[in-house]
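Chains as they are written, first to last, in the numbering used here: chain A, 1 to 856; chain B, 1 to 368.
Hints listed in this document are in silico derivations from the structure and should not be mistaken for laboratory results. C-beta: ideal position from N, C-alpha, C; glycine also. It cannot be assumed that every hint is accurate.
[Said to hold, decoys possible] Straight-line alpha carbon distances no greater than 20 Å define the calculated EDC-like cross-link-like pairs of lysine to aspartate or glutamate that follow:
(1) A:Lys-801 - B:Asp-266
(2) A:Lys-685 - A:Glu-769
(3) A:Lys-801 - B:Glu-333
(4) A:Lys-790 - B:Asp-266
[Unchecked claim] Ranges between beta-carbon positions, derived for each pair:
(5) B:Gln-297 - A:Lys-143: 50 to 58 Å
(6) A:Ser-598 - B:Gln-62: 53 to 61 Å
(7) B:Asn-280 - A:Lys-604: 44 to 52 Å
(8) A:Val-737 - B:Glu-235: 44 to 52 Å
(9) A:Arg-640 - B:Gln-297: 56 to 64 Å
(10) A:Leu-796 - B:Gln-286: 29 to 37 Å
(11) B:Asp-120 - A:Ser-598: 53 to 61 Å
(12) A:Lys-651 - B:Leu-233: 50 to 58 Å
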Amino acid sequence: MSKFFVQNSSSESESESEDEIAEVQKPTRPMYTYESDEDQKGSRVVLSERDKRIEEINNLVRQLKNAKKIRDIVKSNQTFDELVKVYDKCRKVVEKDGHFKHFIRAIADLETFVNELWDSSWKASASKSNSTALTKLRQRIRKYNKDYEKEISDYKAHSDNYPEEEKISKTDSEESESEEEVQPKKELKTKTKVEKSESESESGEEDSESEISWDETEESTSDEELVYDKADAYKLFLKDTTSTKTKKDEKKRPKEKKVVVTVDTDRESEKPKFERKLFAKEEEITPINVFNKLNEIVSARGRKGTDRHDQLEMLKELREISRAHNFGSAMDFKIVFNQMAISFDYNTRISACMKSEVFQECLNMLDQMINIVLENPDIEVSENVSDEEENVHDNTKPYKIRGCVLTITDRMHEEFTKILQQCDAHGTEYVERLKDEPKLNALIDKLQNYLEMRGNSQEICRVYLRKVENIYYKYDKNNEKNSAELIDRLCKYIYTNDSTDRLRAKAMLCHVYHNALHDRWFEARDLLLMSHLQESIDNSDILLQILYNRTMVQVGLCAFRVGCIKDAHSALLDIQVGNRAKELLAQGVMMQRNIEKSKEQEIKERQRLIPFHMHINLELIECVYLVSAMLIEIPFMSSREFETKKRLISKQFHYQMKLSERQPVVGPPENMREHVVAASRVMKKGDWKACTDYLINDKMNAKVWDLMPQSDRVKQLLIEKVKEESLRTYLFRFSGVYESISIESLAKMFDLPRNFVYSVISKMIINEELMASLDEPTQTIVMHRTEPTKLQTLALQLSEKISNLMDQTERMVQIRGGEMGAFLNRNQQGQQNQQAQQSKQQGYKQTRNQRNQQQK
Amino acid sequence: MSQRQHNSASTSSQTSAPAAQLASLNENVPTPVSAANQIAKSRIDYVQVDALVLLKIIKHTQESGGGAELAQGILTGMVQIQDGNSKRIEVTNCFGLPTANNLKGGTADYNEQCNIFITDNLKTFRHLNIDHLIIGWYQSSLFGNFVNKNFIEDHFMYQSDIEDSIVIIYDPFKTQHGSVYFKAFRLTPNMMEMQNRKDFSPETIKDLKLNHENFMEELPVVIRNSHLVNSLLCELEDLNPTPKHQSFFDLATGSVLEKNLRSLIDNVDELTVDTAKFLNYHKQLQKQNHLKQQHLQKREAENSARRARGDPLLPEEDINKIFKPLPPISRLETLLISNQIQNYCQQITDFTSQSFSNLFITEAVQNK
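Using the sequences and the hints, build the whole thing.
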């Protein structure tokens with residue numbers, strides 16, 4: 001007991017400062033604490049950090065001494081280990097107070113002891129384990145003591161100054177008895193403080209959800225105590241009776257039946273009773289009182305025994321009281337703020353979401369909060385307000401409240417996402433929940449108004465981004481201009497004013513997405529290219545990567561809609577490769593056969609899932625990808641039919657083709673993929689009509705095309721593309737059959753305007769894909785027939801291979817020291833042969849030409 | 001491939017019994033002592049195949065997917081010695097081996113099942129008074145792509161168990177296109193020797209004077225029809241007069257030549273790779289030899305110095321320890337690929353010459 005009561009004014013300040021240290025030490029840890037076991041047992045000894053450490057060291061020193069006495073080196077080695085560890089832990093304290101003298105003494109003694117043993121003959125007689133331990137210990141202590149050389153020499157000089165064991169707060173224990181009665185309040189305060197600092201340190205071990213916003217509120221509460229530590233609060237406490245204190249204390253832990261022993265006797269006698277009444281009848285209700293009460297309730301938050309429901313009830317009541325007494329909106333705000341924080345706290349598990357009623361309530365509260373700050377410009381709410389500055393009840397000064405409405409709103413949004421994730425996306429419940437979204441959006445709008453007036457640029461950026469994130473995925477049918485302008489304005493603000501790259505990247509992606517969604521292809525593409533996100537996206541966090549994937553998909557779809565097939569293909573390629581689109585877009589958790597996922601990973605993935613109403617249809621993506629692959633691949637395949645080495649542009653497309661080829665009987669297409677494959681098969685023959693019939697029919701319309709806005713335009717475009725590519729395929733494949741074709745007939749065949757056919761053919765001729773020339777007056781294409789036949793190509797390839805082989809053989813002969821001349825000669829002969837062949841070929845051509853002429 | 005190995009394993013284990021029979025059959029022939037004698041003995045002049053065997057093989061191949069799947073089977077018959085020296089193999093009957101898929105027992109005990117199957121068949125043959133001596137095996141092959149390592153190993157097992165065994169290759173594709181492709185092969189004694197040594201290093205090949213042409217010998221195949229068959233054929237001819245429209249002049253240049261060329265390209269590629277490997281090996285060998293030489297010279301110089309000083313000489317045996325001899329490169333593949341290439345070339349030549357003659361004929365006809 002005596003160790004606890006820190007009554008001496010000097011030591012009090014000391015312990016306080018130590019508490020501060022403890023708080024500083026773990027500032028970011030949230031305070032969901034559990035009372036330690038020791039607590040439940042009843043008597044509780046609370047030590048300051050320093051005292052605790054000193055005690056620990058004392059124990060160890062004692063052990064060490066014993067071990068030394070019996071010359072158990074193994075034991076002393078271990079003890080030394082622990083000692084070093086413990087001393088490491090109290091480095092903070094040491095930095096402030098200087099080294100612990102008894103520790104220095106202990107290590108110095110140990111060293112001399114070890115050295116003595118080392119030199120003595122004991123070593124020879126010692127057991128093996130002992131002697132090895134000694135060697136080890138000697139080395140280690142020598143090394144370790146090097147750091148403390150100065151202190152050790154000082155100790156050796158004035159060994160009297162170094163006690164063997166440090167007494168803990170000696171002065172306190174002497175004086176505490178007398179002053180105990182006088183300052184019960186102070187002791188209590190210190191106690192709670194120490195408890196808190198301890199619990200804070202304990203909380204580190206306990207797993208609990210960590211949310212940034214909580215830390216902030218937590219910090220604020222813990223700091224608030226420092227506020228009431230100041231003079232005025234002190235007076236108030238003097239006025240208070242001790243009994244109210246007791247009640248408060250009990251209320252703090254309503255579940256905990258045992259009364260803390262450290263309080264004086266009359267408290268112990270009082271039976272713990274659950275009290276709903278917040279204030280005693282005789283108690284005067286003042287703003288300060290209410291504020292303290294609030295702090296008290298909040299400080300219990302997160303402890304093991306705390307009933308969150310009770311807390312919420314209490315806060316509600318408190319709020320009513322504060323309203324009834326008209327304590328001003330600042331107080332109201334403060335209470336609501338905490339109320340919200342506790343509601344977020346309500347679920348212990350991360351995956352669980354709020355109940356919808358609670359969520360509604362929270363929405364209301366948030367609304368009220370924002371209203372308060374909007375209506376009362378004299379209230380300053382900011383994260384940067386320090387606790388000392390915080391002011392909620394003094395109307396002479398401007399109100400200042402620590403906290404951040406924006407963070408709460410963000411948190412609210414997260415909660416909303418979570419609720420949607422938990423819902424069945426196809427049920428009516430989802431729709432019901434989704435109805436909350438406009439409310440939330442309205443709140444964000446309000447908040448935006450407020451922040452535009454009061455907030456700094458970073459906060460404005462955040463709220464803008466929040467707003468953009470709520471808009472970017474929605475297709476605006478009616479007033480496209482409006483949303484585009486809005487997003488443009490918001491994003492541009494973020495681009496110029498954001499100081500973190502993350503917000504900018506997010507805003508940029510949303511902007512691109514929105515542009516792509518509304519078919520502004522060039523804007524979307526340019527912005528995406530300007531962002532240079534492609535290079536850095538691999539290193540960014542997963543949420544951003546998901547957004548990037550979504551954006552890329554949307555850009556790909558946009559490219560398809562505006563007819564840039566190649567761009568569409570390349571944009572979608574990365575997503576479609578490996579059949580992981582679902583996972584990459586965070587639209588579902590995939591079970592892969594080969595890869596075992598741990599539970600945690602799966603939970604994490606589930607948390608990342610995007611709510612259903614933001615999904616991009618996967619079948620649409622795949623269909624667009626396959627169709628673009630078809631439009632690129634089929635002409636390409638036909639143009640390189642003869643080459644033995646096959647180059648694949650799209651693996652997935654080939655996979656689908658192969659799959660259908662393997663089937664013994666190909667039935668009429670059923671699903672989207674089969675339709676595309678069937679279309680490709682007829683396109684290979686250049687049959688554009690059948691191809692479009694396969695691609696565009698009722699089934700495909702329902703499955704894919706109708707999902708796009710302006711589907712008619714897209715379909716029309718698609719038909720044009722199919723015609724063009726079919727024409728190309730046809731020319732690649734069957735040009736060998738023709739001597740000449742009239743453009744007229746081609747135009748008729750493919751139902752294309754004549755000049756379009758003309759341009760396509762010209763392009764092919766320029767790109768040297770088609771060996772032909774255009775005959776202007778007759779409007780025909782004259783084939784040149786320089787293309788070797790299949791057999792000729794093969795023969796050419798074979799000759800190439802053989803010359804390769806010959807090279808190899810020649811080298812071999814050289815190595816063997818054979819006659820190089822023979823091969824050289826042969827080479828020359830070969831060349832001559834080639835020449836002869838060439839001339840033969842020419843001759844062949846000539847004769848052909850002659851024959852042609854004759855025919856004509 | 002694995003299936004074929006199964007087959008060979010099973011048959012080789014099986015063939016111990018027929019080998020004994022073979023020995024008893026050849027009892028009246030004085031057992032040859034020298035290897036040279038043996039070579040002379042094992043020389044076979046031609047293979048006589050009964051029409052029955054031919055039809056059975058064709059049927060088997062047709063049933064197993066028209067050559068898409070490998071059809072294999074056992075040939076039975078006898079060895080005939082004529083006029084003291086010339087020797088012929090008579091193939092009088094055969095039976096196909098089941099594939100792993102259509103065996104009841106599954107693939108696990110395929111070998112055993114196959115063994116039982118073969119012994120059962122041979123027993124039945126004996127009961128029916130059919131020749132029950134195994135004298136080789138047959139295999140279907142498309143486009144003559146049969147020369148590979150497995151084939152050689154399989155046949156080596158047959159030939160080492162039964163000295164006179166042959167392998168018959170049947171090509172369903174060629175047969176469909178008008179010319180029966182039916183060839184009998186044996187490994188030459190030199191090749192047997194190499195297989196026996198299991199050493200395919202360039203030196204061995206040089207020693208045995210092997211090249212791609214002489215590791216396998218083709219035997220002339222004579223198809224013999226019994227009188228009954230002949231009379232049946234005559235009757236059939238009467239019943240089924242030859243169709244009016246003959247497809248003699250069908251050139252069909254494209255697909256056949258293309259396929260051959262494609263296979264050729266593949267093989268040439270392989271050969272190039274092989275040659276590159278061999279080249280590399282040679283380079284390494286040369287380098288090592290060079291180093292060895294240097295080392296030896298150094299040692300020599302040192303030793304002479306030591307001799308001058310009267311010190312003990314350094315040993316010279318450790319040369320192989322310092323320079324570990326390179327593992328000899330196998331040249332078997334090269335041999336096989338070369339042979340395969342030769343095969344293809346031969347086929348192309350055959351085909352084109354045929355086509356050319358067709359061309360000339362048509363030209364002559366057209367001019368009239």
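Results for each hint:
no.: 1; hint: A:Lys-801 - B:Asp-266; verdict: holds, 9 Å
no.: 2; hint: A:Lys-685 - A:Glu-769; verdict: holds, 18 Å
no.: 3; hint: A:Lys-801 - B:Glu-333; verdict: holds, 18 Å
no.: 4; hint: A:Lys-790 - B:Asp-266; verdict: holds, 16 Å
no.: 5; hint: B:Gln-297 - A:Lys-143: 50 to 58 Å; verdict: holds, 56 Å
no.: 6; hint: A:Ser-598 - B:Gln-62: 53 to 61 Å; verdict: holds, 56 Å
no.: 7; hint: B:Asn-280 - A:Lys-604: 44 to 52 Å; verdict: holds, 51 Å
no.: 8; hint: A:Val-737 - B:Glu-235: 44 to 52 Å; verdict: holds, 48 Å
no.: 9; hint: A:Arg-640 - B:Gln-297: 56 to 64 Å; verdict: holds, 58 Å
no.: 10; hint: A:Leu-796 - B:Gln-286: 29 to 37 Å; verdict: holds, 35 Å
no.: 11; hint: B:Asp-120 - A:Ser-598: 53 to 61 Å; verdict: holds, 57 Å
no.: 12; hint: A:Lys-651 - B:Leu-233: 50 to 58 Å; verdict: holds, 56 Å
Comparing the model with each earlier hint shows no violations; every hint is respected.
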